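Residue-level listing of the chains:
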Amino acid sequence: MYSIMWSEHCSYKSSKVHLRQFGEKQPPSDRMLAGIGENAGVIKINDELAVTFKVESHNHPSFVEPYQGAATGVGGIVRDILAMGARPVAVMDPLRFGAADHEDTARVLPGVVAGIGGYGNCLGLPNVGGEVVFDPTYQGNPLVNALCVGVLPVDRLQKKDAAGPGNIVVLMGAKTGRDGIGGVSVLASATFDDGSHARRPSVQVGDPFTEKLLIEACLELYDADLVVGIQDLGGAGLTCALTETAAAAGTGMRVWLERVPLREPSMEPHEILASESQERMLLIVKPEQLDAVLGVAEKWGVLATAIGEVTPSEVSGLPGRLRITWRDHLVVDVPPASLADDGPVYARPMREPADLILLQADRAETLPRPATPDDLKATLLRMVGSPNLCDKSWVTEQYDRYVLGNTVLAQPEDAGVIRVDENSGLGVALSVDGNGRFARLDPYNGAKLALAESYRNVAVTGAKPVAVTNCLNFGSPEDPAVMWQFAEAVRGLADGCLELGIPVTGGNVSFYNQTGAAAIHPTPVVGVLGVIDNVADRVPIGFAKPPTGDGDLIFLLGE
Amino acid sequence: MSARVGVVTFPGSLDDGDAARAVRVSGGEAVRLWHGDRDLHGVDAVVLPGGFSYGDYLRTGAIARFAPVMESIVDGARAGLPVLGICNGFQILCEAHLLPGALTRNSHLHFRNRDQWLRVHASNTAWTNSFETDQEILVPLKSGEGRYVADQATLDELAANGRIVATYLRGNPNGSERDIAGVTNEAGNVVGLMPHPEHAIEALTGPSLDGLGFFTSILKHLAGASA
Amino acid sequence: MARVVVDVMLKPEILDPQGQAVANALPRLGISDVSSVRIGRRIEIEFTGAADPERVREIADKLLANPVIEDFTIQEVAEEAVPAGEPS
Amino acid sequence: MARVVVDVMLKPEILDPQGQAVANALPRLGISDVSSVRIGRRIEIEFTGAADPERVREIADKLLANPVIEDFTIQEVAEEAVPAGEPS
Ligand SMILES: Nc1ncnc2c1ncn2[C@@H]1O[C@H](COP(=O)(O)OP(=O)(O)O)[C@@H](O)[C@H]1O
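Residue numbers (this note's numbering), protein chains in the order written: chain A, 1 to 559; chain B, 1001 to 1227; chain C, 2001 to 2088; chain D, 3001 to 3088.
The following block holds chain A by itself, in its conformation from the complex:
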């Protein structure tokens, strides 16, 4: 349990010391209801309504099994949003692949796109934007990031605390199977090599239908005020959910592991605790409301099982413990905070990459520029022919953009805009951007540029940018050069947010995107959320069509 919980993926042990800046440099905001440390940041958009959003990576699993890796990436981020008390209302997918003509891209890209579509479409979540970038740097490490945004009434915000000794711990959703055992520690916390074939069992299969039922059941429970605390099961499965909920409340917990519904009866206790089977949530409910909770679950056809209870935070002067038994044998007896909060914190060595000076010597100003009309034509044709600038509809046509009936702008617009309130027209705009090549040249400014691009994309729709989420995709933190890139990017993003006056509300770090000694370009992906008072006022890209657009004047703003 410790090896899983203290893995890079769960404990953020290499990144923690840097990520602190997001809090320290945070501009004051009276909109933020939940921030870093929660499943996702929550932002008030008026007195009654709030929005929660977050972007997360599923890079390694998507390389091993593109369809399921990408699909379960969507499923995971959706549960994060759900856990905050929100109804998920849209998704976005920033993607990066190797060279467009490489055979691995031909295997990975169609599978990833089909997986994102397959899961998101089946959940009924419109896809309102994303990115498709090709660069040889991602050859062995494609980046599959997924963003989800959800809406909640301000007073429906949920906590993950396992509060109230005597309350019941309920596991809801899919049965627990052997899939994904050790997924986080194995897949996401090490570089890829030929040994990865032996890691096949850690592949998980998504079941979007079960997730859809889980969403509806959770929302009905929230609205009936039947939930004390809730946490999604993601990386590190039950181990993570049990310890985090107990640690958050400072309570102890008693769990009877044999009560967990299993797909395979032969599973061992450690497998049950480590399984990353998808589509599960952990609920803390009051004993007198247990029947009502089970009733709602039954109505939606999802399994719900009482597996334990919350115990006092202190027993005879000693802090509460997480005690787990398996058929009357004590298999776990630990202080929950030791797993969830007391993980190691590394200040890893950092060193500017040796080749950076050489790279930076090639200044843009000194590069040859097209001097003749023929040169210009050739440059233009090369750009038009570049996979990075091509039409993305082969991808975006595989995504449902209409479901829920509130999509005001989506592909090919600069930002997605969705209506949140049908009566007032209140809505939000969202964009995700990143540029690994900029960040490779200068991670500090590269991160700022990603932020600025995303911010502009939101602003041009007519929305006011209010919050930031991010997914930091980097190589191995054990490489001082990568660690330096990471530190610089975080510093850049935190400074940029301070200058623009919007807070980082959450995000995700993906390390070990590395093949052998070669790391990917540092790739901070930044998502910005904006609020628009009336979506009818949104400004689409493109000129207004005649006759209304006739005679419009064209201005160029900026330098």
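What the hints contain is simulated information worked out from the structure, not anything from laboratory work.
Short, incomplete list of chain A residues facing chain B, as computed with Cβ under 7 Å:
no., residue
1, Cys122
2, Gly124
3, Lys212
4, Leu213
5, Gly301
6, Gln398
7, Asp400
8, Arg401
9, Tyr402
10, Val408
Short, incomplete list of chain D residues facing chain C, as computed with Cβ under 8 Å:
no., residue
11, Met3009
12, Leu3029
13, Ile3045
14, Phe3047
Just so you know, these numbers come straight off a predicted model, no measurement behind them.
Idealized CB from N, CA, C, for every residue including glycine.
Starting from the known structure of chain A, fit chains B, C and D with the ligand onto it as the hints suggest.
Chains B, C and D with the ligand alone, transformed into the frame defined by chain A:
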């Protein structure tokens, strides 16, 4: 009193809220129906909405067909109750044998979401009487299994008797036989449509307002029937 | 405890784009002597007791296959014969 | 002319949402004695000449099955035995 149009929610239905909104925007009263409830609550017509009922895991619509509410809908439809199946609803109507043929995997094997031009051929059904015959309309299509198939005799019969409700224009998006986007039963009360008219009812969120015609049609049809 | 396998295949006259896609991909693997590929579903059902052939046929006809586009066959198998079933 | 059937099933430890959906639907058809349903793919390949077992295995491994999550079995069948193949 405005007409009461039921919208069924199966586990995995996704466009049920949108179908209800379309009914309301058109001036009808939307009544939500639950898959497990046989009672149709006295509705005058029923919409089976889009989505992935029961995950659509075995075959689209195959499991939804056995939902308790479907027993009442099948009985009602045989007795003249107007029923519109959109996308997954169309698939369910075929599986329930209220409409002929079947919907299979798109010939290119991908889910496809695009704004699709259609030609409305049958403007005499309960759900299409607001359209002119041969009217061209623009409505979103979004499906992975939208390729309509039936044997040649059935296709000939549908064509001969004006039962092809709509066909795809300017390119067949999924390989459907004879470009079929929607069909009706002999009596014209049951219509299945692969594209999504409920997503073309507001300038802000859809490519056109053409989808409204299906919902105003049913209100007109019901008003005519009760007059 | 009985195990039954129901194989469901598209009727021959119905286009099978998945099978075609596989057939089209084969030459790239250096395979040029395949004349047709058809893809269907294999459904393995495990009964708690004996399997009543009549009821299996009914399940197949009503639920597992759509007779408009598909044919099916049923066979009861010895447990060893099932390649990748769930261990029981 | 040889016919080969490749059966591809999810590995036992991998979740099978399709099979689960069918298993859950059976009680509504009045069937309550089914303990498990697993759904996989049945692929019928027709060769113009004889089928080389080695090459079939390669096709199955590289193209038909995803070895990360699936197992497969191969059998050569007499033409009569194929239930719903394309008439040749
Ligand atoms: N993976 C994706 N998923 C969803 N939408 C995407 C994806 N990739 C690109 N898009 C959308 O396609 C449009 C064009 O993308 P892109 O060419 O990257 O635009 P830009 O250069 O303006 O950022 C944008 O609206 C973007 O959101």
